[in-house]
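What follows is the residue order along each chain.
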Amino acid sequence: MEVTLEVRDLRTHFFTRAGVVKAVDGVSFTVRRGEVLGLVGESGSGKSVTGFSLIGLVDPPGRVVSGRILFQGRDLAALPEAEMRRLRGNRIAMIFQDPMMTLNPVLRVDTQMIETVLAHEKVSRAEARARARDALGMVGIPSPEERLRAYPHQFSGGMRQRVAIAIALLHRPDLIIADEPTTALDVTIQGQILAEVQKLAATTGTALIWITHDLSVVAGLADAIAVMYAGRIVEQGPVGEVLDAPLHPYTAGLIGSVPSRNRRGAPLRQIPGMTPSLLHLPPGCAFRARCARASEACLEAPALRPLAPGREVRCVHPLLEEAQA
Amino acid sequence: MSVYVLRRLLQSLLVLVAMSVIVFIGVYAVGDPVEILISPDADQLERERAIQALGLDRPLWEQYLVFVQRALQGDLGRSFVFNEPALRLILQKMPATLELAFGAMVIAILVGLPLGLYAGLRPESPGARLIMAGSILGFSLPTFWVGLMLIMVFAVQLGWLPSTGRGETAALFGLHWSFLTANGLSHLLMPAINLALFKISLVIRLTRSGVRETMLMDYVKFARAKGLSPARVTFVHVFKNILIPVVTVVGLELGSTIAFSVVTESVFAWPGMGKLIIDSINALDRPVIVAYLMIIVLMFIVINLVVDILYSVLDPRVRLEGSR
Ligand SMILES: Nc1ncnc2c1ncn2[C@@H]1O[C@H](COP(=O)(O)OP(=O)(O)OP(=O)(O)O)[C@@H](O)[C@H]1O
Ligand code: SF4
Ligand SMILES: [Mg+2]
Numbered sequence: 637m638e639v640t641l642e643v644r645d646l647r648t649h650f651f652t653r654a655g656v657v658k659a660v661d662g663v664s665f666t667v668r669r670g671e672v673l674g675l676v677g678e679s680g681s682g683k684s685v686t687g688f689s690l691i692g693l694v695d696p697p698g699r700v701v702s703g704r705i706l707f708q709g710r711d712l713a714a715l716p717e718a719e720m721r722r723l724r725g726n727r728i729a730m731i732f733q734d735p736m737m738t739l740n741p742v743l744r745v746d747t748q749m750i751e752t753v754l755a756h757e758k759v760s761r762a763e764a765r766a767r768a769r770d771a772l773g774m775v776g777i778p779s780p781e782e783r784l785r786a787y788p789h790q791f792s793g794g795m796r797q798r799v800a801i802a803i804a805l806l807h808r809p810d811l812i813i814a815d816e817p818t819t820a821l822d823v824t825i826q827g828q829i830l831a832e833v834q835k836l837a838a839t840t841g842t843a844l845i846w847i848t849h850d851l852s853v854v855a856g857l858a859d860a861i862a863v864m865y866a867g868r869i870v871e872q873g874p875v876g877e878v879l880d881a882p883l884h885p886y887t888a889g890l891i892g893s894v895p896s897r898n899r900r901g902a903p904l905r906q907i908p909g910m911t912p913s914l915l916h917l918p919p920g921c922a923f924r925a926r927c928a929r930a931s932e933a934c935l936e937a938p939a940l941r942p943l944a945p946g947r948e949v950r951c952v953h954p955l956l957e958e959a960q961a
Numbered sequence: 386m387s388v389y390v391l392r393r394l395l396q397s398l399l400v401l402v403a404m405s406v407i408v409f410i411g412v413y414a415v416g417d418p419v420e421i422l423i424s425p426d427a428d429q430l431e432r433e434r435a436i437q438a439l440g441l442d443r444p445l446w447e448q449y450l451v452f453v454q455r456a457l458q459g460d461l462g463r464s465f466v467f468n469e470p471a472l473r474l475i476l477q478k479m480p481a482t483l484e485l486a487f488g489a490m491v492i493a494i495l496v497g498l499p500l501g502l503y504a505g506l507r508p509e510s511p512g513a514r515l516i517m518a519g520s521i522l523g524f525s526l527p528t529f530w531v532g533l534m535l536i537m538v539f540a541v542q543l544g545w546l547p548s549t550g551r552g553e554t555a556a557l558f559g560l561h562w563s564f565l566t567a568n569g570l571s572h573l574l575m576p577a578i579n580l581a582l583f584k585i586s587l588v589i590r591l592t593r594s595g596v597r598e599t600m601l602m603d604y605v606k607f608a609r610a611k612g613l614s615p616a617r618v619t620f621v622h623v624f625k626n627i628l629i630p631v632v633t634v635v636g637l638e639l640g641s642t643i644a645f646s647v648v649t650e651s652v653f654a655w656p657g658m659g660k661l662i663i664d665s666i667n668a669l670d671r672p673v674i675v676a677y678l679m680i681i682v683l684m685f686i687v688i689n690l691v692v693d694i695l696y697s698v699l700d701p702r703v704r705l706e707g708s709r
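So the sequence lines, in the order shown, correspond to chains H and G.
Per this note's numbering, the very first residue in the first sequence carries number 637; after that it's consecutive.
Per this note's numbering, the very first residue in the second sequence carries number 386; after that it's consecutive.
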C-alpha cells in the first residue's frame, strides 16, 4: 500500500522558563493510504503535540526541533509556512478534542464552512455553499440547508463534532488527524461517528491518525497502534497483535486497566505511580519508576527495536521473554 | 429579540425611578430644600410663595410626586444665575459636550484598536512594548496637565491649533455643531485628543488582552488548521470576538466621558455641560446642579440600554437566548 505519511525521529520541544519540555522526543511511524493508526497514551504523553507538529501548528514556546515529516514524499518540517497553509485543511485536516470549543461562537456554520472551501479552491460562493451542505448531509446532520444558517451554540456537542468532521472532509483530504474527537461525546454518538469515519477512510482512501487514550476505541477502529509514553513511542504494531500480546510492560498495564467483559468482577489493575514530569525525566527508560520488570539494565535508555514482523518495542525486558522461557 | 429589548426597557425605567428617589431625597429630604432650590437673594415674601409652590408643607410622598410631575414636565427649577429653566440651560450646552465626547471616542477607537491589535498579535516585539509603555502614560498622566501641554505646544509655540472655544458652528437638527465646519473641527481636535488619551489606553489594553486570550482559543487554532490566511483568522475569527468586550466597555465609557469631560472643558474653555456645571458649582447655582445630576443619570441609563442591545446584536448567544 502507498505510504501517505512517514514520520522520522520527530522532536518537538517547548522552551519554557522552567526548562526544555521534550513533549515529543524522537517519534517515528508510518501511515498508509486508507489505514487507521491509533495513537494512544496517558494524558500528557505528547499525543496532541505530535498531531499539531504534523500540521505545523505548534505554538511558541514550542518548536519542531528536528525530524522529518514526509507527507506524500514531501518533508513538511522543511516546508515554508505559505505552502504548509495550502496543505492544511486541504490535503491534511485535523479534528480537535472538544467540539464545544472548535467552532467560532460568533460566526454562523455556513461562514465557517464556506471560508474553508474558498481558502483552497476558486469556486463561487454558491458552489462553496452547496459543497458545505453536502458535507453536512454526509456526516448525518438532518436538514443541512437550514442548519447551515445556525450558530454553533444551537447544536448539541455531538452535532458540533459532526460539523467539525464535515469541515475536515470538505476537501477530501489524504490525511486526517483526529485528536480524541469522540472523548467528549456520549457512547452512542461516539459509536455512530466512529462507524461513519471508518467507512469514509475505507471508501476514500484517506489515511487516519486517531489520537485517544481509550483502547476500546482503538480496538474497534484502528489497523495499527502506536503507544506513547513521555514523548516517545514505546510500542507499535498491528492493532490485534499488540492488544492480544503486548510486548511493553506499559502497554500491558494500559490493557490491564481497561474494564473488560472477560474479567468481570476482578479488580482493575492500575499502573502504579504517576506520569513523570517531562521537565525532569530520569536517565534511562522513562517508565522505570513504575515498572515491575525494571532492572539495572534499564538505566540505559532502550531503543525502539523490531521484535517480530511489523512490531517494535522500546524495552530491555519485553514481555516476549516470558513466553519464550 | 423584542422581548429582550422590552425587558431591558422596563429595567431601565425601574433604575430611573430609583435614581429619581435618590436625587429627591438628596435634595428635598437630606438638605434644606429652601436653601437648595430658592435663591439666597430672594426676599421673605418670595421665599414663602416658593415654599408653597414647591409644596414643602405637605407630606414627603406627596412632595415626591410633585417633584416627579414637575420633572416630567421638564421643570427642574430655575437657575439663580441666569434666571432660566435649569434644564434648558443644560440642554443648550449638551451638543458641545456630546460632540467632544463622541470625537474623543472615535479617536480612541481609531487609534486604540489597531495599536491594541498589533500589541496583542506581536506581544514580544519592540513596537508592542512601546505601545504598552505609552498606554501606561495615557493612564497615569493627569488630563489637565496633558491639556496644558497640548495648548503650550500646538497653540502657543507652533500656533497650529486654536486653544479655546468651539470656533465656527453650523446648524444641524436645529442645534449648533463645531464638527461641521473646518474652523470648528480645528477647535475640536485638541480637546478631543486630550479627552481621548485615557480611553485610547483603555482600548489598547482591552484589545490587546482580548486578542491574546482569543488567540489561545481552540476555534482560532481550528481556523488555522483549516488553512485560512492569517489575515482572515485575525480580522474575522479573532476580531469579531474581541469586538464584544471592546464595544461594551467603550459604550459604557461614553457615559463617564460625557460626565467627566469637566476637566477638559475647563482647560480648553469648551462651552459644554462640564464647564457649565463647574461654573454652577462655583456660583452655588443649585437647580442647575440637580438638573445636571438627573440628566447624567438618564444618559447613563440610555447608554447602558443601547450597549446591551448592541451587545446582543454582536453576540448570537445572547440574542437567541433572549428571544426564547
Ligand atoms: N505550551 C506548552 N508549554 C509547555 N509545555 C507544553 C505546552 N503544550 C504542551 N506541553 C507539554 O507537552 C506535553 C504533551 O502534551 P500533549 O497535549 O501532547 O499531551 P496529550 O498526550 O495530548 O495529553 P491529553 O491526553 O491530556 O490530551 C505535556 O506534558 C505538556 O507539559
Ligand atoms: S526498559 Fe526496563 S523499566 Fe523500561 S519498560 Fe522495559 S523493563 Fe520496564
Ligand atoms: Mg491531547
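Any given hint might turn out to be false.
Selected chain G positions facing chain H (in silico; Cβ < 7 angstroms) [said to hold, decoys possible]:
no.	residue
1	Glu-469
2	Arg-473
3	Arg-597
4	Thr-599
5	Tyr-604
6	Arg-609
7	Leu-613
8	Ala-616
9	Thr-619
10	Pro-701
11	Arg-702
Straight-line distance between alpha carbons at most 30 angstroms, and here's what the computed DSSO-like set of lysine-lysine pairs gives [as the list claims (entries may be wrong)]:
no.	chain 1	residue 1	chain 2	residue 2
12	H	Lys-758	G	Lys-606
13	H	Lys-658	G	Lys-606
14	H	Lys-758	H	Lys-835
15	G	Lys-606	G	Lys-625
16	H	Lys-758	G	Lys-625
17	G	Lys-606	H	Lys-835
Between beta-carbon pairs, the in silico distance windows are [unchecked claim]:
no.	chain 1	residue 1	chain 2	residue 2	range
18	G	Ser-387	H	Leu-754	45 to 55 angstroms
19	H	Met-774	G	Ser-387	54 to 64 angstroms
20	G	Tyr-696	H	Arg-653	29 to 39 angstroms
None of these hints come from the bench; they were simulated from the model.
All residues carry an ideal CB built from backbone N, CA and C; glycine is no exception.
Hint-by-hint comparison with the structure:
1. For Glu-469 (chain G), the interface hint is violated, the least distance from its beta-carbon to any beta-carbon of chain H being 49 angstroms, above 7 angstroms.
2. At a threshold of 7 angstroms, the smallest CB-CB gap from Arg-473 (chain G) to chain H is about 44 angstroms, leaving the interface hint violated.
3. A distance limit of 7 angstroms between C-beta atoms decides the matter here; for Arg-597 (chain G) the minimum to chain H is near 12 angstroms, and the interface restraint is violated.
4. With 7 angstroms as the threshold, the beta carbon of Thr-599 (chain G) stays out of range of chain H, its nearest partner Cβ sitting at about 10 angstroms, so the hint is violated.
5. Against a cut-off of 7 angstroms between C-beta atoms, the interface hint on Tyr-604 (chain G) holds, since the closest Cβ of chain H lies about 4 angstroms away.
6. Annotation: interface hint on Arg-609 (chain G) holds; nearest CB of chain H at approximately 6 angstroms, less than 7 angstroms.
7. Because the smallest distance between the Cβ of Leu-613 (chain G) and any Cβ of chain H comes to about 5 angstroms, under 7 angstroms, the interface hint for this residue holds.
8. The interface hint given for Ala-616 (chain G) is violated, since its Cβ lies 11 angstroms from the closest Cβ of chain H, which is over the 7 angstroms cut-off.
9. Checking Thr-619 (chain G) against chain H by beta carbon gives a least distance of about 13 angstroms; that is not within 7 angstroms, so the hint is violated.
10. A hinted interface residue such as Pro-701 (chain G) counts as satisfied when its beta carbon comes closer than 7 angstroms to some beta carbon of chain H; here the least separation is about 4 angstroms, so the hint holds.
11. A hinted interface residue such as Arg-702 (chain G) counts as satisfied when its beta carbon comes closer than 7 angstroms to some beta carbon of chain H; here the least separation is about 5 angstroms, so the hint holds.
12. About 23 angstroms separates the Cα atoms of Lys-758 (chain H) and Lys-606 (chain G), which keeps this hinted pair within 30 angstroms; it holds.
13. Taking the CA atoms of Lys-658 (chain H) and Lys-606 (chain G), the gap is about 22 angstroms. The hint holds against a cut of 30 angstroms.
14. Of the pairs offered as hints, the one joining Lys-758 (chain H) and Lys-835 (chain H) holds, with about 29 angstroms between alpha carbons and a cut-off of 30 angstroms not exceeded.
15. Simply put, Lys-606 (chain G) and Lys-625 (chain G) have alpha-carbon atoms about 15 angstroms apart, close enough for the 30 angstroms limit, and the pair holds.
16. The suggested pairing of Lys-758 (chain H) with Lys-625 (chain G) holds, with an alpha-carbon distance near 25 angstroms, which does not exceed 30 angstroms.
17. A distance of roughly 27 angstroms separates the Cα atoms of Lys-606 (chain G) and Lys-835 (chain H); the hinted pair therefore holds under the 30 angstroms criterion.
18. Distance hint for Ser-387 (chain G) and Leu-754 (chain H): a CB-CB separation of about 35 angstroms, inconsistent with the stated range 45 to 55 angstroms.
19. Remark: the range hint 54 to 64 angstroms for Met-774 (chain H) to Ser-387 (chain G) is contradicted by a beta-carbon distance near 38 angstroms.
20. One distance hint, 29 to 39 angstroms for the beta-carbon pair Tyr-696 (chain G) and Arg-653 (chain H), holds here, with the actual separation near 38 angstroms.
Hint compliance for this structure: hints 1, 2, 3, 4, 8, 9, 18 and 19 are broken, all remaining hints hold.
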